[in-house]
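Let the hints inform the model, and build the full structure from the sequences given.
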Amino acid sequence: MPHRKILWIGGPPGAGKTTVARLLARRHGLRWYNADAHTWEHRDRAIAAGRPEAIRWEALSREERWSAPEAELLAMSLHHERGRMILDDLHALPATPLIIAEGTPITPSVPTMPCPHHSSPRATTSDQPRRPDWHERARASRLDLAGLACPQ
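For the sequence shown, position 82 matches number 82 in our numbering, and the numbering has no gaps at all.
Treat each hint with caution, since some may be false.
As the list claims (entries may be wrong) - Taking CB as the label site, the calculated pair distances span:
hint, residue 1, residue 2, range
1, 28, 71, 16 to 24 Å
2, 61, 91, 30 to 38 Å
3, 55, 22, 33 to 41 Å
4, 97, 67, 20 to 28 Å
Just so you know, these hints were derived from the structure itself, not from any lab.
We put the beta carbon where it would ideally sit given N, CA and C, even for glycine.
See the structure below:
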(Lines of atoms letter the chains of each structure in order from A and count residues from 1; the text may use other names and numbers.)
(Lines give C-alpha, C1' and ligand atoms only; values in the text may rest on other atoms or scores of the structure.)
Protein backbone atom coordinates (compact mmCIF):
# COMPACT_ATOMS: atom_id res chain seq x y z
CA MET A 1 0.00 0.00 0.00
CA PRO A 2 1.36 3.47 -0.84
CA HIS A 3 2.17 6.07 1.77
CA ARG A 4 -1.21 7.34 3.02
CA LYS A 5 -2.12 10.58 4.73
CA ILE A 6 -5.46 10.32 6.50
CA LEU A 7 -6.95 12.42 9.29
CA TRP A 8 -9.76 10.51 11.04
CA ILE A 9 -12.84 12.04 12.70
CA GLY A 10 -15.43 9.70 14.22
CA GLY A 11 -18.22 10.01 16.74
CA PRO A 12 -21.99 9.91 17.26
CA PRO A 13 -24.51 11.68 15.02
CA GLY A 14 -24.73 15.39 15.73
CA ALA A 15 -21.23 15.72 17.22
CA GLY A 16 -20.03 18.09 14.48
CA LYS A 17 -17.84 15.69 12.48
CA THR A 18 -19.03 16.84 9.07
CA THR A 19 -18.84 20.51 9.98
CA VAL A 20 -15.29 20.22 11.32
CA ALA A 21 -14.14 18.05 8.40
CA ARG A 22 -15.63 20.37 5.80
CA LEU A 23 -14.05 23.44 7.42
CA LEU A 24 -10.63 21.78 7.72
CA ALA A 25 -10.81 20.51 4.13
CA ARG A 26 -11.61 23.96 2.79
CA ARG A 27 -9.09 25.80 4.92
CA HIS A 28 -6.18 23.40 4.34
CA GLY A 29 -6.93 22.00 0.86
CA LEU A 30 -7.65 18.47 2.09
CA ARG A 31 -9.59 15.72 0.31
CA TRP A 32 -12.85 15.20 2.27
CA TYR A 33 -14.32 11.70 2.55
CA ASN A 34 -17.81 11.60 4.09
CA ALA A 35 -18.63 7.99 5.06
CA ASP A 36 -22.34 8.78 5.30
CA ALA A 37 -22.42 9.66 1.60
CA HIS A 38 -21.36 6.07 0.82
CA THR A 39 -23.94 4.26 3.01
CA TRP A 40 -26.07 2.86 0.18
CA GLU A 41 -23.05 2.02 -1.98
CA HIS A 42 -21.65 0.05 0.98
CA ARG A 43 -24.99 -1.71 1.46
CA ASP A 44 -25.02 -2.69 -2.24
CA ARG A 45 -21.47 -4.04 -1.92
CA ALA A 46 -22.47 -6.02 1.19
CA ILE A 47 -25.44 -7.56 -0.64
CA ALA A 48 -23.25 -8.42 -3.64
CA ALA A 49 -20.76 -10.05 -1.24
CA GLY A 50 -23.56 -12.14 0.29
CA ARG A 51 -23.49 -10.51 3.75
CA PRO A 52 -26.46 -12.11 5.58
CA GLU A 53 -27.23 -8.94 7.58
CA ALA A 54 -27.63 -6.83 4.45
CA ILE A 55 -29.70 -9.49 2.71
CA ARG A 56 -31.95 -9.83 5.77
CA TRP A 57 -32.51 -6.04 5.89
CA GLU A 58 -33.56 -6.00 2.25
CA ALA A 59 -36.04 -8.84 2.89
CA LEU A 60 -37.82 -6.96 5.72
CA SER A 61 -40.94 -4.92 5.10
CA ARG A 62 -41.06 -1.30 6.25
CA GLU A 63 -43.16 -2.33 9.26
CA GLU A 64 -40.71 -5.10 10.20
CA ARG A 65 -37.81 -2.64 10.02
CA TRP A 66 -39.58 -0.27 12.42
CA SER A 67 -40.47 -3.02 14.89
CA ALA A 68 -37.23 -5.05 14.85
CA PRO A 69 -35.26 -5.22 18.14
CA GLU A 70 -32.54 -2.59 18.45
CA ALA A 71 -29.71 -5.17 18.63
CA GLU A 72 -30.94 -6.77 15.42
CA LEU A 73 -31.16 -3.39 13.70
CA LEU A 74 -27.60 -2.58 14.75
CA ALA A 75 -26.35 -5.87 13.30
CA MET A 76 -28.19 -5.19 10.04
CA SER A 77 -26.79 -1.65 9.85
CA LEU A 78 -23.37 -3.07 8.90
CA HIS A 79 -21.89 -0.36 11.12
CA HIS A 80 -18.79 -2.40 11.96
CA GLU A 81 -18.44 -4.14 8.59
CA ARG A 82 -18.34 -0.79 6.83
CA GLY A 83 -14.90 -0.08 8.30
CA ARG A 84 -13.20 -2.31 5.73
CA MET A 85 -15.32 -0.79 2.93
CA ILE A 86 -14.32 2.70 4.03
CA LEU A 87 -10.67 1.68 3.94
CA ASP A 88 -11.14 0.24 0.45
CA ASP A 89 -12.69 3.54 -0.67
CA LEU A 90 -9.85 5.56 0.85
CA HIS A 91 -7.14 3.38 -0.65
CA ALA A 92 -8.69 3.94 -4.09
CA LEU A 93 -8.19 7.71 -3.73
CA PRO A 94 -4.97 9.46 -4.78
CA ALA A 95 -2.36 9.59 -2.01
CA THR A 96 -2.32 13.41 -2.01
CA PRO A 97 -3.61 15.70 -0.72
CA LEU A 98 -4.08 14.56 2.84
CA ILE A 99 -7.48 12.86 3.26
CA ILE A 100 -9.87 13.81 6.03
CA ALA A 101 -12.28 10.91 6.61
CA GLU A 102 -15.30 11.40 8.82
CA GLY A 103 -18.50 9.65 9.76
CA THR A 104 -20.34 7.68 12.41
CA PRO A 105 -19.01 4.30 11.17
CA ILE A 106 -15.44 5.50 11.71
CA THR A 107 -14.77 3.95 15.09
CA PRO A 108 -11.38 3.79 16.84
CA SER A 109 -10.76 0.38 15.24
CA VAL A 110 -11.05 1.61 11.64
CA PRO A 111 -7.88 3.73 11.47
CA THR A 112 -5.84 0.96 13.08
CA MET A 113 -6.91 -1.70 10.59
CA PRO A 114 -4.25 -0.78 8.03
CA CYS A 115 -1.87 1.19 10.22
CA PRO A 116 -1.68 1.82 13.98
CA HIS A 117 0.09 5.17 13.47
CA HIS A 118 -2.85 7.28 12.30
CA SER A 119 -3.66 10.31 14.37
CA SER A 120 -7.10 11.42 15.49
CA PRO A 121 -7.06 14.94 16.90
CA ARG A 122 -10.85 15.00 17.38
CA ALA A 123 -12.77 11.85 18.21
CA THR A 124 -16.02 11.98 20.16
CA THR A 125 -16.82 8.70 21.87
CA SER A 126 -19.66 9.53 24.23
CA ASP A 127 -23.28 8.87 23.33
CA GLN A 128 -24.09 12.55 23.74
CA PRO A 129 -23.11 14.98 20.98
CA ARG A 130 -20.24 17.17 22.14
CA ARG A 131 -19.74 20.64 20.74
CA PRO A 132 -16.19 21.98 20.76
CA ASP A 133 -15.66 24.92 23.08
CA TRP A 134 -13.95 28.15 22.05
CA HIS A 135 -10.45 26.90 22.98
CA GLU A 136 -10.85 23.69 20.98
CA ARG A 137 -12.06 25.63 17.93
CA ALA A 138 -9.13 28.03 18.19
CA ARG A 139 -6.69 25.14 18.51
CA ALA A 140 -8.29 23.36 15.53
CA SER A 141 -7.95 26.47 13.37
CA ARG A 142 -4.16 26.37 13.88
CA LEU A 143 -3.84 22.60 13.54
CA ASP A 144 -0.55 21.50 11.99
CA LEU A 145 -1.60 18.80 9.53
CA ALA A 146 1.85 18.09 8.10
CA GLY A 147 2.71 15.34 10.60
CA LEU A 148 -0.40 13.19 10.15
CA ALA A 149 1.14 10.55 7.92
CA CYS A 150 1.16 6.80 8.22
CA PRO A 151 4.46 5.35 6.95
CA GLN A 152 4.18 1.84 5.58
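**Message:** Run through the hints listed earlier and report the numbers of any the structure violates, in increasing order.
**Reply:** The structure breaks hints 1 and 4; every other hint is satisfied.
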